[in-house]
Each structure stands twice: as C-alpha cells, then as structure tokens.
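Please put together the full structure from these sequences, using the hints given.
Residue numbers (numbering that gives the first Met the number 0), protein chains in the order written: chain A, 0 to 372; chain B, 0 to 372.
To be clear, the hints were calculated from the coordinates, so they are not data collected in a lab.
Since copy identity is lost for identical chains, a pair holds within one copy or between any two.
Restricting the straight-line Cα-Cα distance to at most 16 Å, the calculated cross-link-like pairs of lysine to aspartate or glutamate (EDC-like) are:
| id | residue 1 | residue 2 |
| --- | --- | --- |
| 1 | Lys307 | Glu103 |
| 2 | Lys277 | Glu304 |
| 3 | Lys358 | Glu259 |
| 4 | Lys1 | Asp58 |
| 5 | Lys1 | Glu37 |
| 6 | Lys277 | Glu76 |
| 7 | Lys79 | Asp270 |
| 8 | Lys178 | Asp362 |
| 9 | Lys307 | Glu91 |
| 10 | Lys307 | Glu76 |
| 11 | Lys163 | Asp362 |
| 12 | Lys6 | Glu84 |
Please read all numbers here as calculations on a predicted model, not as lab measurements.
2 protein chains.
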Amino acid sequence: MKIRCEKESLLRGLQGVYRAVSTKNTIFALSGILLIAEEGVLTFKATDMEIAIEYREHDITIEEEGSIIVPARYILEIAKKLPSEEVTLFTEGYTVYIRYSGSEITINGLDQEEFPAFPQVNGDVAGRFDLEVFQKDIKEVSIASALDESRPAFTGVLFEIEGKNLRMVATDTHRLALKNTFWEPTGEKDTASVLIPAKILREISKLAAEDDETVEVVIGNHQVSFSVGNILFISRLIDGKFPNYHSVIPEESRFVASVEIDVRHFLATLDRASIMVKDQLRDRAGKARLILENETLAVHTQNVEVGKIHESIPVFQEGQDIEVVVNSRYMLDVLNVLEEETMVMKFTGPSTPMVMEGKDRKDYLYLTLPLKS
Amino acid sequence: MKIRCEKESLLRGLQGVYRAVSTKNTIFALSGILLIAEEGVLTFKATDMEIAIEYREHDITIEEEGSIIVPARYILEIAKKLPSEEVTLFTEGYTVYIRYSGSEITINGLDQEEFPAFPQVNGDVAGRFDLEVFQKDIKEVSIASALDESRPAFTGVLFEIEGKNLRMVATDTHRLALKNTFWEPTGEKDTASVLIPAKILREISKLAAEDDETVEVVIGNHQVSFSVGNILFISRLIDGKFPNYHSVIPEESRFVASVEIDVRHFLATLDRASIMVKDQLRDRAGKARLILENETLAVHTQNVEVGKIHESIPVFQEGQDIEVVVNSRYMLDVLNVLEEETMVMKFTGPSTPMVMEGKDRKDYLYLTLPLKS
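Pasting the structure below:
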C-alpha cells in the first residue's frame with residue numbers, strides 16, 4: 000500500500016471513525032483503525048463490536064493498493080500534529096512509514112486479517128431524513144432516555160414506522176418524550192418497530208450538517224445503519240421490550256390547569272433556583288416546588304443548611320391553581336432543547352403526570368411525573 | 000448591612016477572591032467569603048490559611064454599613080446566574096437577602112467574628128513592577144519549579160534583591176531557570192533573599208493586565224503581599240533552604256558545542272516526536288535523543304511496541320558534533336515560554352548540563368541535565 004494525501008485528508012478520516020475505536024479493549028485490532036486503499040478511495044474502519052464506523056476519503060492519490068491496521072490513538076495524535084502539507088504513507092510488510100518534509104515516522108501495524116468482521120446491514124426497511132430535521136428530532140427525544148445501561152430498553156429510542164410516518168419515543172421511567180416526524184421510505188417494507196441506542200443517535204447528531212445533507216437509514220434484523228456523506232455508522236438494535244407508553248399519556252379531558260410560559264425566562268429562573276438543591280442527596284436532587292396561582296408561576300427551592308430561592312414568573316393561566324414538586328433536572332432538560340419562545344405546561348393533578356409542549360405545536364410532547372411533596 | 004449594586008460588581012468581587020476559598024476545609028468560615036460594606040467600599044475577603052485575597056469594589060451604593068460571612072460556592076454560583084441588573088443585598092441578623100426583579104434569595108450567613116485573622120504584611124523591603132514585565136518574568140522562571148509539595152524549597156521561586164536588581168531562580172533539581180530583572184524599590188531596606196510559592200506567582204500572572212498596571216510587592220518576615228489594582232494577594236514565604244545554584248551554571252569555557260535553532264520549528268518537531276514516548280513508564284517519560292551533526296539537529300524517539308519518529312532540523316552549529324538524551328517535557332516547557340524566534344542551545348557534554356537561552360539575550364537562562372542514554 001502506498002498513498003499520498005494532504006495531512007487534512009488523513010486527519011478527517013481518522014477523526015471520523017475514532018469514536019468507534021475501543022478504548023477499553025486491549026486487543027490490538029480493536030484499538031486500531033483499518034486503512035484500505037482501493038479504487039481511488041482510502042477507507043477508514045473502526046469498531047468496538049458495539050458500533051462500527053466507516054469513512055471514505057476520495058481526496059487522495061493511491062500509488063499502490065493495499066490495507067493495514069494502525070494503532071488508533073498514536074496515529075490520530077500524530078496526524079493532528081503533522082505539518083499542513085502532503086504526506087506519503089506506505090507499508091513494507093506490517094510496518095507503516097509516514098514521510099513529510101524529509102522526516103519519517105515508523106509505526107508497527109497489523110495484518111488486516113486480524114480486523115474483526117465488519118457488520119453488514121441488509122434490511123427491507125429503509126428511508127431517508129434531512130439531516131437537520133433528524134438532528135432536531137433526536138435532540139428533543141433522546142433527553143428522556145436513560146444513561147444507566149442496566150435496563151437496556153430505557154437507553155434506546157423507539158422508532159415506530161408506518162409508511163412515511165415515524166414516531167420516536169424515549170423514556171427512563173421518570174419522564175417520556177414523544178415526537179411524530181416524517182421520513183422518506185426507500186425500502187421494500189414500510190412498517191417496523193425497533194429500539195435504537197440513544198448513544199449512537201446522539202453521535203450522529205454531532206455530525207455537522209452540510210447543505211442538503213441527508214441521513215440514509217437501513218434497518219436490519221439485529222442492526223441499523225446510518226449513512227451521512229462519507230461516513231457510515233452501524234449499531235446493534237436493542238433487544239428489549241419497550242414499555243407500553245400509550246397508557247401514560249393523559250387524555251385532554253384530564254388536564255385541570257395549563258399555563259403558557261416564556262421558555263428563556265423559565266429556564267433562567269429554574270437554572271438559578273436549582274443551585275440551592277443540586278448538591279443534595281441523590282433522591283432529593285433538584286427538588287423544586289412550582290406554585291401556580293393568579294397568573295403567576297412561583298418557583299421555590301430550599302436547602303436547609305444554605306438558604307432558599309423564591310422567584311415568580313408571570314404566565315397565561317387556564318384552569319385551577321395548582322402546586323407540584325418536580326425534579327428540576329427533568330424540567331431543565333426539556334427547556335434546554337425547546338426552540339419555541341413559549342411553552343405550554345399542562346397539569347393533571349399534584350401527583351399525576353404533567354405535560355410540556357411547544358406552543359402551537361402538536362408533533363412533540365414531553366411528560367414527567369411530579370415528586371412526592 | 001444593606002447595599003445596592005449591579006450584578007457584575009458583586010460577581011467581580013466574588014470571583015476575585017474565590018481562589019483563596021478553602022475547598023477542602025469543612026470549617027464554614029474558611030469556605031466562606033467575608034463581605035464588609037464600609038466607607039463607600041465593598042470589601043471581599045477570603046483565605047484558606049495558605050493564601051489570603053482581598054478585593055475592593057467601589058462601584059456600589061451603601062445604604063447601611065456592616066459585614067457578614069457568606070457561603071462562597073453558593074453565592075458565587077448564584078451571582079453568575081443573576082439577571083444583569085441591579086440587585087439589593089441586605090442582612091437581618093445573620094440572614095442574607097438578595098433581591099432582584101421581584102424575586103428573593105435567602106442565604107444563611109455567619110458573624111464576621113468567625114472569620115480567621117487576616118494576615119497583615121509589614122515589611123521594610125518593598126517595590127514595584129510593571130505587571131506585564133512581572134508576568135513574563137514569572138512565566139519564564141516558574142516552569143522550573145516543582146509541583147510536588149514534599150520538598151517545599153523546590154516549589155518556590157527565589158527572589159534575590161539588591162537595590163533595583165532582582166534575580167529570580169527556580170529549580171526542581173532536574174532543571175533550573177534564572178532571570179535577572181529589575182524592580183523599583185519603594186521600601187526602607189533594599190536587599191533581601193526570599194522564597195515565594197510559585198503557585199501564588201502563577202495566580203498573579205493570570206490577572207489581566209490593564210494599561211500601565213503595576214504590581215506592588217511588600218516583603219515581610221514570614222509573608223509577602225502583591226497588590227494589583229483592586230486586588231491584594233497575601234502568601235506565606237517558604238521557610239526552606241534554596242540550593243546553591245551558582246555551582247550548577249557552567250562557565251562559558253565549558254561549552255563544547257552550540258546551535259542556533261528556530262523555536263517554533265523545534266517546538267513542533269519535539270511535540271510531535273514526544274507522542275511516541277509520553278505514555279511510557281514514569282522514569283522514561285519523554286525520552287528523546289538529540290543528535291547534532293553537520294548543521295543538522297536530528298530528534299529521535301522510540302516506543303518499542305508502537306514505532307519511532309525521526310525528524311531533522313537545519314541549525315547554525317558551532318563547535319563539535321554531539322549526542323544527548325533529554326526529557327522532552329523539560330525542553331517543551333522552555334520552548335513554550337520563549338518569545339524569541341531563535342534559541343541558542345549550548346552543550347557541555349553528553350551527560351553534563353546543557354543551557355538554553357533566547358538569542359541575543361543575556362537576562363534569562365534555562366538549564367537541564369541530559370538523561371543517561
């Protein structure tokens with residue numbers, strides 16, 4: 000294998016796949032990146048057996064086709080610090096040489112045969128999103144999924160697909176987010192219900208969206224792939240039962256009070272009030288009291304040792320007065336992702352679910368349960 | 000006590016003294032900040048018994064003089080998140096009230112009597128620096144001081160004062176930095192030799208220099224104070240014996256070779272080459288081989304498991320060819336602080352001290368000992 004390319008081409012590829020490199024595993028091949036120079040393209044591959052990423056770089060010159068596994072961390076650090084100029088990378092046996100400005104780096108590589116089988120996703124269900132839409136969907140829904148891996152179903156986002164309608168749902172049992180969105184089906188089958196790790200969806204959301212970029216999704220039996228530009232993500236599906244979320248969502252008739260509230264104002268207030276309570280013992284973390292009365296929402300937090308904060312926000316109120324105790328973390332999460340100026344917050348009672356939505360918007364719903372006061 | 004001020008005035012004072020707040024100590028008064036409203040000035044004081052900081056804010060309105068200790072971490076976090084407007088802060092007994100836009104924060108304070116005695120520095124030796132000059136001096140010298148507190152003398156910077164001449168020296172026994180600088184004496188006595196913690200000198204270096212700002216220094220028997228603008232730092236002096244550094248600095252006649260080398264180029268090369276060796280066992284950390292031959296300095300690093308890097312830099316050479324093994328960390332430290340384009344590196348032999356200086360500059364010297372190869 001022998002290639003020539005700008006330092007930036009090498010760096011783009013290495014950075015593109017690096018998040019799939021296993022940092023815990025001591026198996027050399029899993030802490031490595033497979034480089035394949037073939038048919039004018041340099042392909043970078045990495046996998047930690049949970050996810051796999053492939054990146055295809057076209058901006059290179061191949062003088063001799065071939066492939067090699069390189070130690071990921073070292074080659075990435077080196078690539079970052081190379082001078083911004085053309086480098087030559089070639090192999091002799093399993094040794095990799097990188098040459099630039101008369102200097103030379105020698106790295107011990109490994110036969111590509113050692114690289115783990117890279118998953119292939121063949122599925123009947125497939126479709127396409129606009130990347131920016133997809134990123135917004137994921138941002139709004141994935142806040143409700145759990146980080147704790149002990150109950151896998153709660154770490155995923157449910158994709159319920161019927162034709163061009165796609166519903167995403169996530170819950171960690173304390174709160175739930177639901178979004179009705181659209182995609183453009185491109186596969187043979189157009190119904191499915193699968194659970195995708197929120198972690199990988201967040202990774203894809205981090206990719207910078209270029210003009211008109213799309214996400215191509217293929218859903219297999221046990222895996223799902225996302226293809227964006229030069230990059231291909233593959234992840235396992237979560238093999239677990241998602242709870243029946245329909246019963247949790249209150250009927251309209253159950254709401255006894257609702258408010259319209261300025262999102263930025265509520266966010267700033269709750270953020271400040273949370274200072275008092277954020278260092279408490281785990282079960283009390285972020286307990287804030289919300290008191291709705293006379294077109295005013297009062298936010299109250301207290302820390303017996305330190306002191307208390309009391310703030311008031313004018314709101315547009317419908318229905319009765321009400322008082323609930325909430326985990327402020329759960330409220331801040333949704334306030335941080337809502338792009339609307341005004342939020343609608345609806346209450347069913349002091350200890351039954353409350354719902355938050357962007358005003359004049361029916362595609363998204365966030366639900367949480369008040370704490371015991 | 001009752002004051003009114005912009006949120007920013009409160010925040011400036013709290014942030015100014017916060018670094019002296021004890022984060023480990025559970026004694027309330029040490030994890031607190033003392034506020035004193037008196038004669039039109041709000042004074043903020045904090046101390047962890049190692050250092051003490053005082054900040055004087057004039058941009059406030061005092062309606063009632065008084066003082067109170069407030070819990071530092073909470074009040075700082077709250078002040079950061081207050082809306083940018085005028086706030087009113089007042090006390091009732093030992094309770095502090097902060098009011099803004101109709102909202103109210105209540106914080107449990109403490110009697111100022113509980114605050115530890117704030118050190119006073121009375122000394123005959125005093126003087127003044129231009130802040131920017133002082134910051135450059137400290138940056139260049141403090142890199143050689145030790146972080147490990149087990150041998151206190153090596154964590155300090157020696158100040159040797161004779162009239163307007165001031166020499167700063169630091170060493171961690173592996174390398175030594177020496178700077179001859181000037182100050183403007185303002186005290187009764189004008190000779191002294193004291194050891195000041197490098198940590199506090201670095202803190203002062205972090206202060207942003209405004210136009211023509213100066214640092215006023217007062218040296219007492221056991222303490223030293225630095226006053227910059229509205230802020231006063233007080234630190235203990237280190238009570239330890241600094242090694243006799245004179246014998247370590249080689250006479251000119253001992254140099255067998257010297258090179259002039261481009262600082263940016265050498266820094267980039269050594270930084271890249273260090274990637275190979277920076278994760279090695281502690282005693283081998285950053286071992287780099289420098290080979291001077293035919294107007295070229297070759298830098299070579301090797302990691303048996305991963306590979307090796309070999310780079311060459313053209314240099315202006317005087318004297319013989321030579322080969323030394325260095326700790327690249329010690330070299331990078333000085334390359335990172337030198338502002339000159341060209342550095343002079345002088346060798347006395349493969350296992351005896353080497354010296355680095357900015358070209359055409361005689362006020363600064365950095366010295367390190369090659370490693371055993």
